[in-house]
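Adding 66 to a residue's 1-based position in the sequence shown gives its number in the working numbering.
Some hints here could point you the wrong way.
Derived lysine-lysine pairs resembling BS3-like cross-links, with alpha carbons at most 30 Å apart [unchecked claim]:
(1) 124 - 110
(2) 110 - 77
(3) 91 - 110
(4) 77 - 91
Have a look at the derived ranges for each label pair, beta carbon to beta carbon [unchecked claim]:
(5) 138 - 99: 56 to 64 Å
(6) 127 - 95: 42 to 50 Å
(7) 151 - 121: 39 to 47 Å
(8) 123 - 77: 20 to 28 Å
(9) 143 - 79: 56 to 64 Å
None of these hints come from the bench; they were simulated from the model.
Glycine included, each C-beta is placed from N, C-alpha and C at the ideal position.
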Amino acid sequence: PARTNPSTALKGVARYLETQARGGKVPPEEIATLQQRIREFEGKIAALAAELLTGSEKGLARGYIAEVDQRVRDAEDMVKKAVAVASPFLAEDENAGMVSTHI
67 PARTNPSTAL KGVARYLETQ ARGGKVPPEE IATLQQRIRE FEGKIAALAA ELLTGSEKGL
127 ARGYIAEVDQ RVRDAEDMVK KAVAVASPFL AEDENAGMVS THI
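Can you build the whole structure from these sequences, using the hints too?
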């Protein structure tokens with residue numbers, strides 16, 4: 067995902083720093099500072115990845131909600147059409163029931 071490339075790059079930098087530290091080419095204070103910055107960046111990458119995941123989940127949820135909303139509207143339309151088609155028959159049944167009770 068979005069987190070993989072930056073994390074991989076930071077791991078490569080961390081390995082490079084370790085190599086440089088073992089070779090004594092960079093002062094230990096500088097190595098410690100750089101390693102601290104790498105840890106900070108790893109935290110930022112993790113936070114951003116979590117935000118991206120949350121955002122994509124929200125997007126999926128919005129899509130599902132929109133689909134369900136449309137299906138509900140379609141169902142309501144079908145019920146209205148069914149009522150319109152059945153209304154004459156329901157009215158006849160009600161009138162027939164009234165006639166038979168009055169006789």
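Right, here's what the structure says about each hint:
1. For the suggested pair residue 124 and residue 110, the alpha carbons sit about 21 Å apart, so the restraint of at most 30 Å is met.
2. In summary, the hint linking residue 110 to residue 77 is supported, as the alpha carbons are separated by about 14 Å, within the 30 Å threshold.
3. Between residue 91 and residue 110 the CA atoms are separated by roughly 28 Å; this keeps the pair inside 30 Å, and the hint holds.
4. Of the pairs offered as hints, the one joining residue 77 and residue 91 holds, with about 19 Å between alpha carbons and a cut-off of 30 Å not exceeded.
5. Range check, residue 138 to residue 99: Cβ separation about 58 Å, and the 56 to 64 Å hint holds.
6. The hinted range of 42 to 50 Å is satisfied by residue 127 and residue 95, whose Cβ atoms lie roughly 48 Å apart.
7. Distance hint check for residue 151 and residue 121: the Cβ-Cβ separation is about 45 Å, which falls inside the suggested range of 39 to 47 Å.
8. Distance hint check for residue 123 and residue 77: the Cβ-Cβ separation is about 27 Å, which falls inside the suggested range of 20 to 28 Å.
9. Checked against the hint of 56 to 64 Å, the C-beta distance between residue 143 and residue 79 comes to roughly 59 Å, which is consistent with it.
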